[in-house]
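The lines below spell out each chain.
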Amino acid sequence: MTHDHDMTLVLSRVTARFADEKKNSIPTLKDISFSLPKGSFVSIIGPSGAGKSTLMRIILGLMQPSSGEIIRNFKRPAMVFQNYALFPWLSALDNVAFGLRMDGAGRHERERVAREKLREVGLAHLENRFPAALSGGQRQRVGLARALAISPDLLIMDEPFSNLDTITSEALKSDLLKIWRSYGMTILMVNHLIPDAIELSDQILVMGAHPGRIEKVLSVDLTRPRDTRAATFFKQVDILTEDIRRTLE
Amino acid sequence: MVHSLAHAPTPAWHRIHAVRHKRAWLIMTGVVVIAAILIALGFFGMVTWGVLGSAIFHTTYRLVLAYFIALALGVTIALLVGWSPLGDYFFPVFDVLQNLPSFALIPLFIYFLGYTNQMIIFFAVSSIVWPILFAVLTAIKSAHNDLNDAATIFGARGWKRIPFYLTPLSYPAILTGSIVGIAIGWESVIGAEIITDIAGFGAFIKGADVTGISQGAIAGMIAILVIVFVVNRLVWAPLLAESAKRYAE
Numbered sequence: 001m002t003h004d005h006d007m008t009l010v011l012s013r014v015t016a017r018f019a020d021e022k023k024n025s026i027p028t029l030k031d032i033s034f035s036l037p038k039g040s041f042v043s044i045i046g047p048s049g050a051g052k053s054t055l056m057r058i059i060l061g062l063m064q065p066s067s068g069e070i071i072r073n074f075k076r077p078a079m080v081f082q083n084y085a086l087f088p089w090l091s092a093l094d095n096v097a098f099g100l101r102m103d104g105a106g107r108h109e110r111e112r113v114a115r116e117k118l119r120e121v122g123l124a125h126l127e128n129r130f131p132a133a134l135s136g137g138q139r140q141r142v143g144l145a146r147a148l149a150i151s152p153d154l155l156i157m158d159e160p161f162s163n164l165d166t167i168t169s170e171a172l173k174s175d176l177l178k179i180w181r182s183y184g185m186t187i188l189m190v191n192h193l194i195p196d197a198i199e200l201s202d203q204i205l206v207m208g209a210h211p212g213r214i215e216k217v218l219s220v221d222l223t224r225p226r227d228t229r230a231a232t233f234f235k236q237v238d239i240l241t242e243d244i245r246r247t248l249e
Numbered sequence: 001m002v003h004s005l006a007h008a009p010t011p012a013w014h015r016i017h018a019v020r021h022k023r024a025w026l027i028m029t030g031v032v033v034i035a036a037i038l039i040a041l042g043f044f045g046m047v048t049w050g051v052l053g054s055a056i057f058h059t060t061y062r063l064v065l066a067y068f069i070a071l072a073l074g075v076t077i078a079l080l081v082g083w084s085p086l087g088d089y090f091f092p093v094f095d096v097l098q099n100l101p102s103f104a105l106i107p108l109f110i111y112f113l114g115y116t117n118q119m120i121i122f123f124a125v126s127s128i129v130w131p132i133l134f135a136v137l138t139a140i141k142s143a144h145n146d147l148n149d150a151a152t153i154f155g156a157r158g159w160k161r162i163p164f165y166l167t168p169l170s171y172p173a174i175l176t177g178s179i180v181g182i183a184i185g186w187e188s189v190i191g192a193e194i195i196t197d198i199a200g201f202g203a204f205i206k207g208a209d210v211t212g213i214s215q216g217a218i219a220g221m222i223a224i225l226v227i228v229f230v231v232n233r234l235v236w237a238p239l240l241a242e243s244a245k246r247y248a249e
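Chains as they are written, first to last, in the working numbering: chain A, 1 to 249; chain B, 1 to 249.
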């Protein structure tokens, strides 16, 4: 039996509404209930308009739900954005150190940690570059290093691979898994590729749209490390893809 | 790992900028050479250079002072309004205020400050402040949601949001607002000097016209043209180029 304190996050019957141009109240999320076990890697999959980004913002406290209950057993959330959201006026090093600076860490300490995180994501040699002079993959790595620098206990990732080419996203996925294992944090990732979700996650939340709701919670029963070229992996992808397709039909 | 420079200025970008820079200096050199030839030919024989120099000095220092006051005022108000959750209520008020024709208000400035230097400076402030204020406010209001969320998640909350997020975010807008503001400022200072006859370039060209020494007005215009050009090329152009490079998407 699991208890709430074993969970990083518990949502029960969370509903969010927004007012359209005619001031009608439109539900964007309806009765969302799920929980994230501590240290788990959970993916959310769903069509456009399912309210995935709204859900992320509610979890992070950037938006208030209209109703429902949220138990947040995390202290330091961090986020990696689809569009990187790096501060263009700061170098890679200063972007990574930003959260520590806001926490009041001294220059020496925050730069030491930022350099260490840049090294972990393989960008130590680019610490003085500004975001405009980095490729998409490099920017996403800086975004990941910025998140890791504040030692998060919950890392939320909003389609982190969608703007990257295949080779870059494969490399980043492999680094992400290593980082997740070594940090032991909980990861909640919005993803639109089912094989990626299966490769990375313990659980997949399937969301439907209009209004956004959880249609199904799928467990990924593959042992780690997962070999994405193994027959068992392909079989699991087939089964879950079919399941998700039927769910969303 | 990918090491490409995805968004750095290309050689073509550098070439275009170099050509523009060279062309601008060529035009200005032409103006200066023509002015020098006219001086050598005695065209400006009737001009009292000391009086003209003093007039331009008075106008320029009033403009510079007015600009710095307007900059401090405009940026501070825009940052506070952009930061405040009540900021949206101020927008319509500013919109009405900035639409008031500034010269229609000059009697008000004369009433409170008399025919003084301060009157011209504060009158100019009232015109320069709007483009700066609106440029900064627009930059803050149109910032990408992800960037706003990143600032919040990584700790730029409360008062910290102003120096660590909103101010650097507004930097390109401060530059463009300043350039427009200074152009309007020249008009305000010179116009106010013409109306009030207070010593300055406005009063000088008004006097030159009355006494029929139009060469004085022509010499003054060339001098102002050179000042505006030099400030543009040595101050604004490099700042704009740097900002465009750094803040590129």
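Careful, some of the hints might be misleading.
[Unchecked claim] In the SDA-like style, the derived pairs of lysine to any residue whose C-alpha atoms are separated by at most 25 Å in a straight line are:
1) B:K160 <-> A:V113
2) B:K245 <-> A:N163
3) A:K75 <-> B:D149
4) B:K141 <-> A:D31
[Unchecked claim] Beta-carbon label-pair distances, calculated as ranges:
5) B:A241 <-> A:V217: 51 to 57 Å
6) B:N145 <-> A:P225: 31 to 37 Å
7) A:T241 <-> B:K160: 43 to 49 Å
8) A:G104 <-> B:N145: 56 to 62 Å
9) A:T232 <-> B:F91: 55 to 61 Å
10) B:D88 <-> A:G122: 51 to 57 Å
Hints were generated in silico from the structure; no laboratory data involved.
Quick caveat, the model's predicted, so the values are computed rather than measured.
Beta carbons: idealized from backbone N, C-alpha and C, even for Gly.
> Lying within 51 to 57 Å: is that true of the beta-carbon distance D88 of chain B to G122 of chain A?
Replying inline: Since D88 of chain B and G122 of chain A have Cβ atoms about 43 Å apart, the given range 51 to 57 Å is violated.
> Given the proposed pairing of K141 of chain B with D31 of chain A, does the C-alpha separation stay at or below 25 Å?
Replying inline: violated (32 Å)
> Would you say the C-beta atoms of N145 of chain B and P225 of chain A sit inside 31 to 37 Å of each other?
Replying inline: holds (36 Å)
>> For a C-alpha distance cap of 25 Å, please report whether K160 of chain B and V113 of chain A respect it.
In response: Answer holds: K160 of chain B to V113 of chain A is near 21 Å, not above 25 Å.
> That 43 to 49 Å hint for T241 of chain A and K160 of chain B (C-beta), does it hold up?
Replying inline: holds (45 Å)
> Between G104 of chain A and N145 of chain B, is the Cβ distance one that fits in 56 to 62 Å?
Replying inline: violated (27 Å)
> Has the hinted range 51 to 57 Å been met by the Cβ atoms of A241 of chain B and V217 of chain A?
Replying inline: About 53 Å separates the Cβ atoms of A241 of chain B and V217 of chain A, which means 51 to 57 Å holds.
>> Holds or violated: K245 of chain B and N163 of chain A, Cα atoms, limit 25 Å.
In response: holds (22 Å)
> Straight-line Cα separation of K75 of chain A and D149 of chain B no greater than 25 Å?
Replying inline: Satisfied, since the Cα-Cα distance of roughly 17 Å is no more than 25 Å.
> If you check the beta carbons of T232 of chain A and F91 of chain B, does the distance land in 55 to 61 Å?
Replying inline: holds (59 Å)
The structure fails to meet hints 4, 8 and 10 from the earlier list, while all remaining hints are met.
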